[in-house]
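Novice: Residue numbers (this note's numbering), protein chains in the order written: chain L, 36 to 459; chain Y, 36 to 459.
In short, the hints are calculated from the structure, not lab data. Heads up, some of the hints might be wrong.
It does not matter which identical chain is meant; a pair holds if it fits inside one copy or across any two.
[Unchecked claim] Derived lysine to any residue pairs resembling SDA-like cross-links, with alpha carbons at most 25 Å apart:
no., residue 1, residue 2
1, K279, T64
2, K349, I433
3, K279, E89
4, K272, L39
5, K279, R116
6, K330, A232
7, K279, K448
Number of protein chains: 2
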Amino acid sequence: MAELLGNLLVAQSGGPTAVINASLAGVVTEAGKHECIEEIYGGLNGILGTLNEEMIDFNDEKASTIRALRHTPAAALGTCRYKINFDKKPEQAAKDMDRLFQLFEAHNIRYFFYLGGNDSQDTANKIHNESAKRGFEVRVIGVPKTIDNDLPVTDHCPGYGSVIKYNATTVAEIGLDVGAMATDDGSCCIVEVMGRAAGWIAAGTVLAKQGVAANPPHIILLPEIAFNEAAFLAKVKETVATLKYCIVVVGEGLKNAKGEEIGADKTRVDAFGHAVLSGAADKLAEIVQGKLNLKTRTVKLGYAQRCAAHLASKTDADTAFAAGEAAVRAAVDGSSGFMVKIVRRNTSPVSFTTDLEDLNNIANVEHFVPRDWVSEDGFMPNEKFVAYAAPLIEGEVIVPYKNGLPQYAVLEKSPVDKVLAPRA
Amino acid sequence: MAELLGNLLVAQSGGPTAVINASLAGVVTEAGKHECIEEIYGGLNGILGTLNEEMIDFNDEKASTIRALRHTPAAALGTCRYKINFDKKPEQAAKDMDRLFQLFEAHNIRYFFYLGGNDSQDTANKIHNESAKRGFEVRVIGVPKTIDNDLPVTDHCPGYGSVIKYNATTVAEIGLDVGAMATDDGSCCIVEVMGRAAGWIAAGTVLAKQGVAANPPHIILLPEIAFNEAAFLAKVKETVATLKYCIVVVGEGLKNAKGEEIGADKTRVDAFGHAVLSGAADKLAEIVQGKLNLKTRTVKLGYAQRCAAHLASKTDADTAFAAGEAAVRAAVDGSSGFMVKIVRRNTSPVSFTTDLEDLNNIANVEHFVPRDWVSEDGFMPNEKFVAYAAPLIEGEVIVPYKNGLPQYAVLEKSPVDKVLAPRA
Chain L
36 MAELLGNLLV AQSGGPTAVI NASLAGVVTE AGKHECIEEI YGGLNGILGT
86 LNEEMIDFND EKASTIRALR HTPAAALGTC RYKINFDKKP EQAAKDMDRL
136 FQLFEAHNIR YFFYLGGNDS QDTANKIHNE SAKRGFEVRV IGVPKTIDND
186 LPVTDHCPGY GSVIKYNATT VAEIGLDVGA MATDDGSCCI VEVMGRAAGW
236 IAAGTVLAKQ GVAANPPHII LLPEIAFNEA AFLAKVKETV ATLKYCIVVV
286 GEGLKNAKGE EIGADKTRVD AFGHAVLSGA ADKLAEIVQG KLNLKTRTVK
336 LGYAQRCAAH LASKTDADTA FAAGEAAVRA AVDGSSGFMV KIVRRNTSPV
386 SFTTDLEDLN NIANVEHFVP RDWVSEDGFM PNEKFVAYAA PLIEGEVIVP
436 YKNGLPQYAV LEKSPVDKVL APRA
Chain Y
36 MAELLGNLLV AQSGGPTAVI NASLAGVVTE AGKHECIEEI YGGLNGILGT
86 LNEEMIDFND EKASTIRALR HTPAAALGTC RYKINFDKKP EQAAKDMDRL
136 FQLFEAHNIR YFFYLGGNDS QDTANKIHNE SAKRGFEVRV IGVPKTIDND
186 LPVTDHCPGY GSVIKYNATT VAEIGLDVGA MATDDGSCCI VEVMGRAAGW
236 IAAGTVLAKQ GVAANPPHII LLPEIAFNEA AFLAKVKETV ATLKYCIVVV
286 GEGLKNAKGE EIGADKTRVD AFGHAVLSGA ADKLAEIVQG KLNLKTRTVK
336 LGYAQRCAAH LASKTDADTA FAAGEAAVRA AVDGSSGFMV KIVRRNTSPV
386 SFTTDLEDLN NIANVEHFVP RDWVSEDGFM PNEKFVAYAA PLIEGEVIVP
436 YKNGLPQYAV LEKSPVDKVL APRA
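Based on the provided sequences and hints, a complete structural model is requested.
Specialist: In structure tokens, the structure reads:
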């Protein structure tokens, strides 16, 4: 493959994670090693800011800032949920694509890296296809990111290990607290975690048990398994009878047998028309308190769980960084139209490496927790799940503290001069 | 003061914290240095288990376990909310007191330490008074504990520094996340923290700003200041217009001008007459989304905030340990009927020492955030509050990790032989 001389553009998309900036650091660090890559640009707010020609120059960032991205949560470049949508908005999508390639030509962008989840990989794939169609060579590689862990093909998604490390720690700590308060009256605490369709995040809190059956959590409710109220109440009752308390973890998208989300408030919808999910834990608390007369409290971790870089998994952050590096190496070597995937090596201890997967095999396919990774009653992930998830939370990212608070990277964001007319 | 030879009993009471076990470690460690203290017992589940003669022998615990208590959350001995209540239940209270002194005599308990908040200090005071009345010398010292920071006299309460360190970190991280997602549509995130009457916990999240006005949180709502919906909505709107996002922190007990909690839903009760759980954050989200048409999400940290030992303040844990040590030293020196208080030394940096305060000056007095420590509009603690709170979150407690999770102490709980008849 001939050497391709030109500039690099990297952008972040979708919901942030604790380690998507580690992938960004991987891209920028690896890019600096290759002479064929001239300028290293960051697109602000994903494809949305990029279409507005809002780009920054990474050459103006301090080396210490790039290093600090490895422990900085959220998305340092900003992110978006904007999608170049040929299915639903073909005219707008065609315009967007024209604009994007004008920008690529104007700034001689020959390497494009998109860090994101399902939708972002789909966008990366479309840009790759356009490149061939338009005869303008730009090598496009997707870097996976999502706390939901719902991408196919890759062993796991960077971001997932950190969210379950934080959530498992939190559930273990809450268990100690509620257990210490347990009296003969009993009590229940319901912790709501993210996960609209897939239950990977909820399932990951099984690690808090550390192999001890009596340890919390005592019940985990996954969106993939229809909620059975009677069986759930029986299990809560049995747990409280034995331990005097019960810790329940619920994925926000838990559904009843009809497939309706039990926590959905159908009167409120977000910009995508999704019902706003705010109430799975509160709804369950109403049921437990109302039917069992058991003191019940709720915790809703919400955004806190996906940005908790103070407790990120080192395995996760290192894998995220490696995925960014691998993307650049692949592109320099001539690849385009691929996503970096994480591959598990069943060594002892388990370790991870990266490989490439055709973007056509990824976009818009969702990956769920296998039914045979969960106990028969559906209330607890089993040893197959634990074997899968345990290696993902290994190790702690070291974060510097000042005045008692973690110190995170802030980019200078030196803007790249605009040369295009403003977007219509 | 004559040397008093006998056994020691220590118990924990009320809601757990991240550092109440550090105070326990302080008591046990200091007690080991004094020959007049023969046996070191722990009462299980506070006064409630103690009345049932449920005690454990600390001499059977490993030294490594005692040390690990310094970084272990919740209450290792278990706790209770039981109160010896002479006002409301005088007969039961008299019985309880008889029982307690039978136990003290039977086990030759001459030193009693009660680690807890307001109610617990009241209990300690009553036991101290009974000692003189009954002519059985037992030296009683209270050790303060409460995340709410609502005890008078002491500079602050052990437990408070850790909860605000965790909450401020969480709010800073959520701010990065929501800020990274901010688009022209704007968004709002409302974080609900503990604090029913006093707003110390909510106020403490001002530290997340690290002195930068534009940093989150942008609005802090304290239970002490009546909620003004119009002023609040104007402030949210103004913040979103400037920054594209707004992070709000609310103390769970936020009240309207009539003194009614805004998060209480009195219209819905379950079969047992419990008010249906809703919250201040959800109620505010409804208001913001409904009146400003602004995408709004909520986080309810609940129990997670008071047991987050993985992010405890070293200043807080060290002060909690020192308070336990000081209690034992005071009792050995002949004091009884006191609470250990924390005293601030306005050195640079600020440091803390301990002193004693008569329990009569403490019990059942609540301490609120001074109005002149909050901005005129009531939405942000000012530089006086920051000067007060900042030293409390300094330093990080080092917690050991195994398999990616923090490892906390678990007591062996070797039981002390019962000699009394079972409690009637």
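Novice: Each hint should be assessed against the structure and marked as holding or not.
Specialist: Evaluated hints:
1. K279 with T64: Neither: 52 Å inside a chain and 31 Å across chains, both beyond 25 Å.
2. K349 with I433: Close inside one copy (8 Å) and across copies (17 Å); limit 25 Å.
3. K279 with E89: between (57 Å within a copy, 17 Å between copies)
4. K272 with L39: neither (65 Å within a copy, 48 Å between copies)
5. K279 with R116: between (44 Å within a copy, 15 Å between copies)
6. K330 with A232: between (29 Å within a copy, 21 Å between copies)
7. K279 with K448: between (54 Å within a copy, 18 Å between copies)
Hints 1 and 4 from the earlier list are contradicted by this structure; the remaining hints agree with it.
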